[in-house]
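Enquirer: Assemble the whole structure, with the sequences as input and the hints as a guide.
Quick note, the sequences are listed as chains L and W, same order.
All residue numbers for the first sequence refer to full-length UniProt numbering, where the first residue is 1 and numbers rise by one.
All residue numbers for the second sequence refer to full-length UniProt numbering, where the first residue is 1 and numbers rise by one.
Honestly, the hints are just simulated from the structure, not real lab data.
Please note: incorrect hints may appear among the correct ones.
As the list claims (entries may be wrong) - Straight-line Cα separation of at most 20 Å, PhoX-like style, residue types lysine-lysine; simulated pairs: (1) W:K302 <-> W:K390; (2) W:K615 <-> W:K344; (3) L:K84 <-> W:K207; (4) W:K344 <-> L:K15; (5) W:K606 <-> W:K625; (6) W:K276 <-> W:K615.
Claimed, not checked - So, partial list: chain W residues that the calculated Cβ filter (under 7 Å) puts toward chain L: (7) T197; (8) Y202; (9) N266; (10) M267.
Model, not experiment: these values are computed from the prediction.
Each residue gets a CB set at the ideal place from its N, CA and C atoms; glycine is no exception.
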Amino acid sequence: MSDIESTLTRIQGHKGVIGVIIVNHQGVPLRSTFEHDAMTKQYADLIPSLADLARNLVRDLDPQNDLEFLRIRSHKHEIMVAAKDDFVLLVIQDPTAAA
Amino acid sequence: MPTSPTKKDKVKGKKKAQDQSQSQDYVPPPPPMPGDEAFAMPIREVVKPDNQLRLSDIELTEEVAKMLTANNPAAPKNIVRFNMKDKVFKLEPMVEQTVVHYATDGWLLHKSSDEAKRQMDMEKMEQEASARFQADLDRASHEHKEHGDVEPPDDSRQLRNQFNFSERAAQTLNYPLRERETFTEPPPTATVSGVCTQWEIYDEYIKDLERQRLDEASKSKGGKKHASGGQHGGANASKSNEHVPTLQSPVLMHCLGTLDRMVNQNMFEEVAMDFKYWDDASDAFRPGEGSLLPLWRFVSDKSKRRQVTSICWNPMYDDMFAVGYGSYEFLKQASGLINIYSLKNPSHPEYTFHTESGVMSVHFHPEFANLLAVGCYDGTVLVYDVRLKKDEPIYQASVRTGKHNDPVWQVVWQVDEASKALQFVSISSDGNVNLWTLTKSELIPECLMKLRVVKAGETSDEDPMASGPAGGCCMDFCKMPGQESIYLVGTEEGAIHRCSKAYSSQYLSTYVAHHLAVYAVHWNHIHPNMFLSSSADWSIKLWDVHDSKHPVMTFDLNDSIGDVAWAPYSATVFSAVTDDGRVHVFDLAQNKLLPLCSQKIVKKAKLTKLVFNPKQPIVLVGDDKGAVTSLKLSPNLRITSKPEKGQKFDDLEIAKLDAVVEIARKSDADLGKNA
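Expert: So, in structure tokens, the structure goes:
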């Protein structure tokens, strides 16, 4: 759908955004805006398990609740994760570069 | 003496016997005398051992009494036992004196003892039983000889052979054992592990509920229409089973949208913080002055070439607003654009709609926040449903259905509980005020009013043909409950008319004060009698409804005014935008002549529109370069009355404005007197 494509391109074009990755539920990256595959593979391997843990936490506390988003802010970047049943969507941005 | 020798003899005899036995050792018997072969008298010799007691004769004749008692000499004579009752040692009075010399157990019973009697009874019974059995046997054999089959006698109680009973057993050959083992290949195993958490259980229950509901639904449908019910159930199932490719799923779209906002939040982090929390602290030090802090700037590629003609906040979502783009210039007319932005994503509009001609006015329905009414430059009115993703309006007025002939300057939704249909009013330069009704298929106009030019001093009895239609530029409906059918109309000639929906030919009153077109009229949000008007003659006038001749106050801003608006939180605060790129904020309660703030917002652009946010302390300002800027009002500009218990906010505000008006009128009167 072109809407999705245009939104992806737009996000990628925002200030400070380093990359956008979409990973399917098996851990295979579907889309990635990184040039080097190594980075993609690393993110695709590590992030989904953390998102699962986070979802476990939220749902254990209250089964009617569910995880919406996960944001990990480090010194250098911020990783924003949207974890759903079919896919995991990651955006890596450097917030200070946006200024 | 004869007794004593006997006694002596006895004693002696005894002793002699002893002695003899003793003396054997000492003295051998005398050898028999050779000459005496015949019976010789034995010689008696008394021999006294040496250690015999030597007693005197008197002592020898003494009678010694000997007693024989039944006491056991070996039994202890003084046994002491501890008495637990008295807790003291007590002497046993009687001690057992019996000595048992010999004891043995025997098996003889006395004939007359109980045991013996019982034994004898038993023997008798056994004898009787065996006699009976024998009798039975004899009888049986006798009968057998005579009759044949006969019941054998019961011999279960009889022990056949009581003495010679022996066990008989035989052992079979024990075959030697040998172990045999085989191993089969173990079945292929796979370790399956699972986690059972509370939410997984919950999910399963929910799925089960769904299944049950589907079953019930299909069952009930099957009762009515069997075939279609099955189909429907099948269709439902197939819909849920259908797998949308991940990259095209709507869920992904939604996530992308939210992530976009998150990225924007990071980009505009300071702005977001300012929007929420920044309050200019220096306002405390300069009373009577305020400032406007620029926040986000909403601009998109397509909008850069157009002018902002209308902004409207969404009544349901506080962060959403619609911007209509068009052109005010007669000669440069292009297609129109509507962008619906959210404050959460300043870089990209949430929805975009394209129209054929420039958009002049947009308005969200107060109740159904997805309906957007649009008025265009070519006179058409459109209604969009924002929720649909299509770029088409759901209703469009065309030449056939009675669109206006001139640009539609303003559209306002009507909320009428009586009528079920949705209605909105539009005003246009061709002098018609139309009420449009939304039916199932189209818009139906109804002319509420035909505006006519009213010259100052003339009554409306004038020949209607002489005065032509007046062009309406703006309108505002009264928001006071009970007066919702009254509205103000600003015309191109500079007159403001107060009209009612009930009367279609007459004005309730006319206010003539401006020399040029009136571009904006607004009722005060709180005060029911005051309204503002702004005009191309560079002035803003504050009117009291009852006084149609003179405005209460006039403000001259030295430049053409684009728009004016009342603040929702105060009856005395209003703001205006001018063509030199400035925003002016007035608070009549603090300063009746000068604005509290006059700030230049954009360089080289004219500001065209201004709206206050009903809840947040921000204003949106649109300019003619297609950009919308949001500004935060500093605290001095937001002074509002705080009602205490028993007071109403509205009353306080109305009182404030009334006070201002009073003073203004008094000063006017003074001026008038003096002049």
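Enquirer: The structure should be examined with respect to each hint, and the outcome stated for every one.
Expert: Going down the list of hints, with the structure as the test:
1. W:K302 <-> W:K390: holds (18 Å)
2. W:K615 <-> W:K344: OK: W:K615 and W:K344 at ~16 Å, within 20 Å.
3. L:K84 <-> W:K207: With a Cα-Cα distance of about 18 Å, the restraint between L:K84 and W:K207 holds, given a limit of 20 Å.
4. W:K344 <-> L:K15: Satisfied, since the Cα-Cα distance of roughly 16 Å is no more than 20 Å.
5. W:K606 <-> W:K625: Between W:K606 and W:K625 the Cα gap is close to 8 Å, so the pair holds against 20 Å.
6. W:K276 <-> W:K615: Given pair W:K276, W:K615 holds - Cα atoms ~12 Å apart, limit 20 Å.
7. T197: holds (5 Å)
8. Y202: Nearest chain L Cβ about 3 Å off; hint holds.
9. N266: holds (4 Å)
10. M267: Since chain L brings a Cβ to about 4 Å from W:M267, closer than 7 Å, the hint holds.
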